[in-house]
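A.B. asks: Here's the letter readout for the chains.
2 protein chains.
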Amino acid sequence: LSEIKLFIALIHYPVINKAGEVITSAITGIDLHDIARLSKTYGIKRFFVVTPLKDQAELVKRLTEHWVTGAGASYNPDRKKALELIRVAKDYSNVVSEVRKFAGMTPETVVTCANKRNDAIGYPEFKQKLKNGRPYILNFGTAWGLSGEWIDNADYVLEPVYGITGYNHLSVRSAASIIIDRLLHDN
Amino acid sequence: LSEIKLFIALIHYPVINKAGEVITSAITGIDLHDIARLSKTYGIKRFFVVTPLKDQAELVKRLTEHWVTGAGASYNPDRKKALELIRVAKDYSNVVSEVRKFAGMTPETVVTCANKRNDAIGYPEFKQKLKNGRPYILNFGTAWGLSGEWIDNADYVLEPVYGITGYNHLSVRSAASIIIDRLLHDN
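Sequence lines, in order, name chains A and B.
Residue numbering for the first sequence follows our numbering, starting at -14 and increasing by one per position.
Residue numbering for the second sequence follows our numbering, starting at -14 and increasing by one per position.
Hints are computed from structural coordinates only; laboratory data are not their basis.
Be a bit skeptical, because a hint or two may be false.
Any copy will do: because identical chains look the same in the list, a pair fits if it lies in one copy or spans two.
As the list claims (entries may be wrong) - Listed below are the simulated DSSO-like cross-link pairs for lysine-lysine, each with C-alpha atoms no more than 27 Å apart in a straight line: (1) Lys101 / Lys75; (2) Lys101 / Lys65; (3) Lys3 / Lys114; (4) Lys116 / Lys46; (5) Lys65 / Lys114; (6) Lys66 / Lys101; (7) Lys112 / Lys66; (8) Lys116 / Lys39.
Between the sequences and the hints, there should be enough to build the whole structure, so can you do that?
C.D. replies: Structure follows, in structure tokens:
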């Protein structure tokens, strides 16, 4: 278990809007809290928040500082332990190089996608890969999801979370929670 | 699968605050959206939001009406399909009687709890119970969780979601997502 090197990146660009256009989405505070708490629960070492916008990066820093070193740290130490896993990155290449430094090996990128694709890998298959000691960065898209080009460029596409009804519109908070539990629970 | 009769109730009273005191918590809009979308994905027929406060019940009604019959319905029909599963209840006895009417049988109450208890039942065990055709209402607590008395009075207590680190402070949105996936995925 100590060999598992899974990292999370929450992507705010390039993602698509309702019309399918590539946009930069806004930071949502609750995404940071929920996914940081999830990361802490499952032993994920870093949760990267990726945005090219300077003011949005500042917002993430202010929010995390409040909980990690500010008034929030003594008010809620459990929240501090979660939010200190957050790192802001203006560019995905920064995420890759931080993970490379942290894990001592070049990571592979795994994306999540709400649409069915023939080249997608399943949860048991990726769970098996995680045991090979290689670092993986699991990308989650905000807004209406990661851009098609981003998905095509990834090393692996993970199967969508199918519930049982064919309806497939979970929040990124719910999808991340379910996916991380499927990958890391009972290892 | 068609026999499974699982309902969700999100409880705002009686829950505890950080100091362990019994309180009524405020409605959080994002809880309603995330858990409604989760419910729709996994075929849950009703998502009950339980609050004794009249103005808070009104807030839930306004929010759901916006998406179910108001401007939101045409803007985002997928959201409508999720939020129309929401029912507001001022009292848990209303939830029980609505489920009894809906399912034609008296439901049992299953609570979630972040603390370890000797009488808790595991996920495979509850998954098995779900196949017996009886209706179950799964209760989630807001704030710092359901009151001790509420938990003691339930028919079953479900095991906490253990990640892998001992840290156990997921948001109710994450916990509900993981628990529902564990119970209903791959049935």
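A.B. asks: For each hint, tell me whether it holds in the structure or not.
C.D. replies: Here is what the structure says about each hint:
no. : hint           : result
1   : Lys101 / Lys75 : neither (29 Å within a copy, 41 Å between copies)
2   : Lys101 / Lys65 : between (37 Å within a copy, 23 Å between copies)
3   : Lys3 / Lys114  : neither (33 Å within a copy, 40 Å between copies)
4   : Lys116 / Lys46 : neither (33 Å within a copy, 47 Å between copies)
5   : Lys65 / Lys114 : neither (31 Å within a copy, 38 Å between copies)
6   : Lys66 / Lys101 : between (36 Å within a copy, 21 Å between copies)
7   : Lys112 / Lys66 : within (26 Å within a copy, 33 Å between copies)
8   : Lys116 / Lys39 : neither (37 Å within a copy, 52 Å between copies)
In summary, the structure is inconsistent with hints 1, 3, 4, 5, 8 from the numbered list given earlier, while agreeing with the others.
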